[in-house]
Amino acid sequence: MRTNITVKIGGEAGQGIQTIGSLLAEVCHSAGLFTFSIDDFESRIRGGHSFNLLRISNEQLIAPGHIPDILVAIDQRTMNLNKATLLPDSLVILNAENKSDSNADIDENSCSEADLEGCKSDNVLRISLNRLAKEAGGLITANTVAAGCIFAVLGTPFDMLKELLVKKFKAKGESVINLNITAAQKGYEAAGTVRYHKQFDWKPTKTDRIVISGAKAAGLGALASDCRFFPFYPMSPATGVIASVVPYSGKLPIVVEQAEDEIAAVNMAIGASFAGVRSMTSTSGGGFCLMTEGLGIAAMTETPLVIVDSQRPGPATGLPTRTAQPDLLFVINASQDDFPRFVLAPGTPSETFESVKKAFYLSEKYQVPAIIMLDQFLATSQVTQQNFFKVDKDVERFILNEDNLKASDSLSQSPDTYKRYSITDSGISPRALPCMGNIMVRVTGNEHNEKGEISEDAKNKVNMSNKRNSKLAAMKKEMELPEIIYPKEADNQFFLTGWGSSKGPIIEAYEILKLDERAKERGINFGYIIFKDIWPMDAESLKPLIANKKLIMVEQNSNCQMGKLITQETGIIYHASILKIDGRPFYAQYIVDKALETIS
Amino acid sequence: MRTNITVKIGGEAGQGIQTIGSLLAEVCHSAGLFTFSIDDFESRIRGGHSFNLLRISNEQLIAPGHIPDILVAIDQRTMNLNKATLLPDSLVILNAENKSDSNADIDENSCSEADLEGCKSDNVLRISLNRLAKEAGGLITANTVAAGCIFAVLGTPFDMLKELLVKKFKAKGESVINLNITAAQKGYEAAGTVRYHKQFDWKPTKTDRIVISGAKAAGLGALASDCRFFPFYPMSPATGVIASVVPYSGKLPIVVEQAEDEIAAVNMAIGASFAGVRSMTSTSGGGFCLMTEGLGIAAMTETPLVIVDSQRPGPATGLPTRTAQPDLLFVINASQDDFPRFVLAPGTPSETFESVKKAFYLSEKYQVPAIIMLDQFLATSQVTQQNFFKVDKDVERFILNEDNLKASDSLSQSPDTYKRYSITDSGISPRALPCMGNIMVRVTGNEHNEKGEISEDAKNKVNMSNKRNSKLAAMKKEMELPEIIYPKEADNQFFLTGWGSSKGPIIEAYEILKLDERAKERGINFGYIIFKDIWPMDAESLKPLIANKKLIMVEQNSNCQMGKLITQETGIIYHASILKIDGRPFYAQYIVDKALETIS
Amino acid sequence: MVEPKDYDNDFENKWCPGCGNFLIQKAMKQTFAELNIPPEKILFVSGIGQGGKTPHFMKGNLFHCLHGRALAVATGAKIANHDLNIVVNSGDGDCYGEGGNHFLAAIRRNIDITLLVHNNQVYGLTKGQASPTSALGMVTKLQKHGVTSSPFNPLATALGSGAGFAARGFSGEPEQLKELIKQAMNYRGFALVDILQPCVSFNKINTHQWYKDRVYDIQSIGHDPSDLAKAIMLSLEWGERIPTGLFYQKESTPFHSRIGVLQDRTLISYPFDGEKTAAVF
Amino acid sequence: MVEPKDYDNDFENKWCPGCGNFLIQKAMKQTFAELNIPPEKILFVSGIGQGGKTPHFMKGNLFHCLHGRALAVATGAKIANHDLNIVVNSGDGDCYGEGGNHFLAAIRRNIDITLLVHNNQVYGLTKGQASPTSALGMVTKLQKHGVTSSPFNPLATALGSGAGFAARGFSGEPEQLKELIKQAMNYRGFALVDILQPCVSFNKINTHQWYKDRVYDIQSIGHDPSDLAKAIMLSLEWGERIPTGLFYQKESTPFHSRIGVLQDRTLISYPFDGEKTAAVF
Ligand SMILES: Cc1ncc(C[n+]2csc(CCOP(=O)(O)OP(=O)(O)O)c2C)c(N)n1
Ligand SMILES: Cc1ncc(C[n+]2csc(CCOP(=O)(O)OP(=O)(O)O)c2C)c(N)n1
Ligand code: SF4
Ligand code: SF4
Ligand SMILES: [Mg+2]
Ligand SMILES: [Mg+2]
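Protein chains in written order, with numbering that gives the first Met the number 0: chain L, 0 to 599; chain A, 0 to 599; chain V, 0 to 280; chain F, 0 to 280.
Hints may contain errors.
Derived DSBU-like pairs: lysine-lysine, alpha-carbon spacing no greater than 30 Å straight-line [what the hints assert, rightly or not]: (1) L:542 to A:549; (2) V:203 to L:166; (3) V:143 to L:167; (4) V:203 to L:392; (5) F:40 to L:450.
From the derived model, a few chain A residues whose C-beta atoms are all more than 10 Å from chain V [claimed, not checked]: (6) 268; (7) 278; (8) 510.
Derived by calculation from the structure, the hints in this document are not laboratory data. Beta carbons are placed, not taken as given, at the ideal position from N, Cα and C, and that holds for glycine.
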């Protein structure tokens, strides 16, 4: 039987909320359970309000939780923000210090009885984190105390927690280990016999699973693609992509270089790629603005380039630490004039890994830019997934070596007759690397002839544009068509249609809707359509698949960008839309409720 | 009766081709004739090939010429490039020096008999520009010699030419005037009695017409809108817009400032606009890339901003001195996340003047960015038009002054309660200027609350996005619907559909097609649809107007961007497209030929 | 009389406890009070970063713009209305990284504004990556093997590029800092005050104490701020001893005094006269 | 032996007759010949402008990139393969205007490339607007009342920012120029050669003769290029006399020698081993 528990731990930035969350996730992982964890935080380093929302299940999870089964209120604000929506059977763990305590380290923001006013739940467990932490040997262990308490109510055997703490703090030595074990025990004991009413079957379990974020999956996908150069400029929520490869420098031949700005980052990536090293840069929308110019030079010189755009709400600085999907049309149309490019929008960490690999492959095969769309939700959520680290023994580079250079038609007798842009049926010209032999590789962002010389000739311009655009036919065929799922052909059927990171919540919503009484009563059926490979869109193939289907677009932007794109390419007009623009991720029930509203 | 003559003067850059062209145009203007003049030049300062294509008529011209009636070949290349397409009755004026002449100043590139091989025209007039110029008193007058010769074959009375030369060189003194008159006379006489077979009725005529380019119309439109600040970074073909206002500095209160880059240019414009001065910057696609980030901050802070994008072929550096219309979808979707903006694409200099005025008006009324799309063709063509310099006595600024500030709801008792972003029905909040009174104006590119304070609140985010987007309904109503013209309701009717600068050529093509025998035979009718106000698109109103019409898109880009946009917004799929991507402007006959091909 | 507390507002401060920015902000408020400028008569322009948030936590007119772009926005605003008192709060990443080109241009343009760079030698708001001023070898999460670029030298660059006013302050010397900001505000032209500012969360090297142990006031040792050569030499000193104070000041013509139309009045103050405009077309 | 003419190609030259770029190009070819580097072993990276077109008119590998971005592209290429001989041709607008931020960063990063700035104190390709190095007051079509920003000082800025190699050449002193380019190519690290170059079409002030009348060779008066203080002082001299030559050179560790993984071999030369990669995940 499926058991789902959602734990929400709220407090200030700097209180180690995320640390508690990952400790929980790790223990769950060691018990063979599945987790889906999101961090919600403000654009500040200390204070304010942040929380970790950890959903735990004994089956695969594809979407985050929402209303907590167990609320851990490290501070008053957490209590105030959540009490109205708690369920009657929710369990509340309250950081409740005795404020009259003559203790200098008393947490002024800890909760009092007054904070409980209006709370729908009666199941309240009060513990004093700071006091217990100090008793354990140091205020610094308050997080571990909290974790101990949560594990108790979850019914986790203490030994499992202990084992993880030993492993986790091994590097820091015996005393740190013991300190944390003591703290955990204090918290565990503080729970007394209180247990949450739903319980898992806890036992150490070895699995082939990993807990991973989209950002890390993107980084590892790049490493698996033999990407060696990562120029970047820090920007939330994209920095995590680069951060995830940093630990491998020293172990793999990679260079991570912080650029002076995003313009430099993208141009450095282009320079390295031109010289023969696979390169990737990562940014968010604001940085992508600054990269649009570089996108054009990559396109014009037909230099492979991979960019990750990890989206957040805008315009401008917007909500830097939140999530949204508002860059799709921008990314597809970015840079002056049009040119072929790939835009991929994976929906899960595992898909992200594969999409990044595909992006590198396609970008070099077609010598066009490839952009991967993430967002704060996908980039930062930690999700349990089957290990997907498939690294090919070799990567195909589509680069001429001296041998096939000699054989190549484009190279006749003399070395400088190599034509970097020779016109071919496929539109793809033989690509050689600079200074690798007798030939000379010459490229320019001006319009050019086959040899890469500037040409202002009218006919040449048409030929070269056509050459570049002629890649599109084959490129479209590289794009996977969207996943279209529905129980059976039926009248009155609606398709939840989305792209990228909303995949999980949409599928979960679909599962819920399948069983929904209201829908059944009204004879309404649901299916879903998820786009992963977005651009170039193979409209010919797509059109028959979605014609006559009623699409309900599910997107995190205000102008329904995928909906517009579908119309633009196929003429098909979507039926309705569910647009969430508050910067917080979708969760299944939200989609369910809105879908039912929409069709009523 | 309508008489049209097209004169093409070709030679190297630096040979003063454009000077001859404008001399011609000016004399025509003084005779009450109409001209349409385009300059074709490479991205270099000296050498290469360039030409001026001057079309002269006794009726209003709306499009450039193509095959020259009179070809003036200053160099061999001109002859070689044109001889195959000349008409049998074309007149050729050949710069033919006697190369055996022992003259050091002999033009090595002047034409010889051999260059005439394959020329379809027998009407060849040979003159030696350098020799005649030297005889007149200086090599520098070679251009005037050429002009004299052209005027002769056009049948212009010499006195009219003389009068203009006197006026033109007045500032430079008697001797320069006389030098030029002598030179002109030499050229005039060299033509002997050769006259082109079509002739105008030459007499001095006063009109209320001007000869003007789109770039200048844009600059003057800005001045007429009380724009006072012009930060820019040079870029072809946009520099002309700024260059056109420079002569007015000193006469009007304006500051023209060259920025360190386009990023600075747009942000300086935003800063000045925030402080209360209307500002405009102008760039081409590559520079627009760098401005996309600024577009977002203007949108988020709701600071008025006017940008001119003068398009050219890309991607990247592309063809810097040529024309195209490939930035439409980019400009509409530029910058992360979506937000309301205006995009206007005038079709003539006179429309440009009006569109710029409208852009300023709308940008301040709605506090959103407004972008005007020009292209090299429209920006640089010199066209005779009815004087359109209508300057309103006053401009409406939509800015709170102290009086209405006090009355405003958003301002209660205390000065710092002014709400820059107060939520209103229209979405437009009262705008005050910084340091202009007791209130404080606070804006930020972060998401913010009504007072301009950073807010990360979910509900506030939704409210603020909705506030900004709620302007769209009224904004759409500000957009003129496209001009839709057709002789009569008929079956088998096709609409040449375009936007911006292709207006003239499309209309002229339509006029030709109306009379076309092949079309008549096949029972085919034509109409046209021209978009000027493009975004936001009022799809509701547009749809019934174009539903069931067969649209033939006429655009200068390779992916049919207006066609895509129409489909995206209305679901209506265009019938066919005529896409010209060689960097050279449309001319009517091209569209006619392609249209007939398309429907056959 | 304006008092520092007139600049207080009730927007929640979001800095970490102990952050050097608190002291910078305090010095700002004191300066404005001493100069008797009320908050409604000051325009803050700031970029993105912890330093850039400063004006949010106090009263005044404010344009909080994009990362790196504060100087460009401030330039536009000043040209529009050179009566504005403009103070720019920027970070070392904001001003010398993303905004480096605008920094160079602002010096050349000599726009009459005061630039306060909250130089914590780290990217604070994005959680501790190296900044252009981070020390060679400094290890961060993203610079695992240490910073490999040599640090940017704001004062030397400014002086080499012709700056007319260049100073360095330290948040831990509030009295000196206040005086420097005051001199900068009084300066007619572009005035740079680079301010050493400890970041308690991410910069564990350049701490308050680290600076305390090193800084010395060049005025106290008699440095003559009109001596450019000396100023440049001082600007190259960094290590065991770190000079602070007014490095250089020369008389200069600010941008708006170089532009004819701005000589007599501000750009914004001209009346619009449609007829006059039409007449010159 | 490589000869200068090995660099000739048959692509039509597009410069104006008399342009200083011809002499710069000649000096380049001579340098490469003397260093015995054949065209297929050199990578030119250049920006947009007349100077940026230089490599089009000669043989060699070439990435002709966006206006202002040459240094960023060159940096990427050099990191990918530090065996590449990279020469960057840039203009004063390209490098000190649009590309100013990359100029600052390249100095700090000390990337081992040679930067030749064709400094004609004007925007040539876009027909004569002021550039960052244009003289104060210089009148152009767009700067009708004269340039109002003080000129950018590339050498002073470079030296202030810690450059390890900074020189100034003049197209009219081809022998000296050739030697400077050679020293720059031989330098291990980022080497700037700012080259005074007359633009016959748009700069009527700083003509060949104007320069001829002013330039003097600092080496000929015994300037010691290891003397930073002196170098900076020299870099501030501009007017009746204009110093040229090698201002400053110090030993430095180029970027690729600061990065562990690039110590033994180039980044591109590592073999890919999927299994090894999978193993470290
Ligand atoms: C174009 C762009 N790139 C990146 C960012 C992300 N970002 C925000 S603040 C910041 C750096 C902050 O460092 P600094 O300027 O030194 O300010 P501090 O927080 O240290 O005061 C960065 C990179 C952004 N907002 N915009
Ligand atoms: C982003 C961008 N902005 C502007 C331009 C237009 N542009 C081309 S070359 C140039 C300036 C050239 O000046 P400089 O770099 O000094 O080179 P020069 O021609 O003088 O050698 C400009 C502004 C461009 N190509 N790209
Ligand atoms: S992160 Fe550093 S700079 Fe930012 S508020 Fe905290 S201490 Fe200050
Ligand atoms: S415009 Fe100036 S820089 Fe360009 S080629 Fe001509 S002379 Fe040389
Ligand atoms: Mg900082
Ligand atoms: Mg130049």
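Right, here's what the structure says about each hint:
At roughly 21 Å between alpha-carbon atoms, residue 542 of chain L and residue 549 of chain A fall within 30 Å of each other, so this suggested pair holds. Between residue 203 of chain V and residue 166 of chain L the CA atoms are separated by roughly 28 Å; this keeps the pair inside 30 Å, and the hint holds. At roughly 21 Å between alpha-carbon atoms, residue 143 of chain V and residue 167 of chain L fall within 30 Å of each other, so this suggested pair holds. Among the hinted pairs, residue 203 of chain V with residue 392 of chain L is inconsistent with the structure: their alpha-carbon atoms are about 42 Å apart, more than 30 Å.
With a CA separation close to 18 Å, the supplied pair residue 40 of chain F and residue 450 of chain L stays within the 30 Å bound. Not every Cβ of chain V is farther than 10 Å from the Cβ of residue 268 of chain A; the closest lies at roughly 6 Å, contradicting the non-interface assignment. Not every CB of chain V is more than 10 Å from the CB of residue 278 of chain A (nearest about 7 Å), against its label as outside the interface. At the 10 Å boundary, the C-beta of residue 510 of chain A stays outside the reach of chain V, the nearest C-beta of that chain being 32 Å off.
The earlier numbered hints that this structure contradicts are 4, 6, 7.
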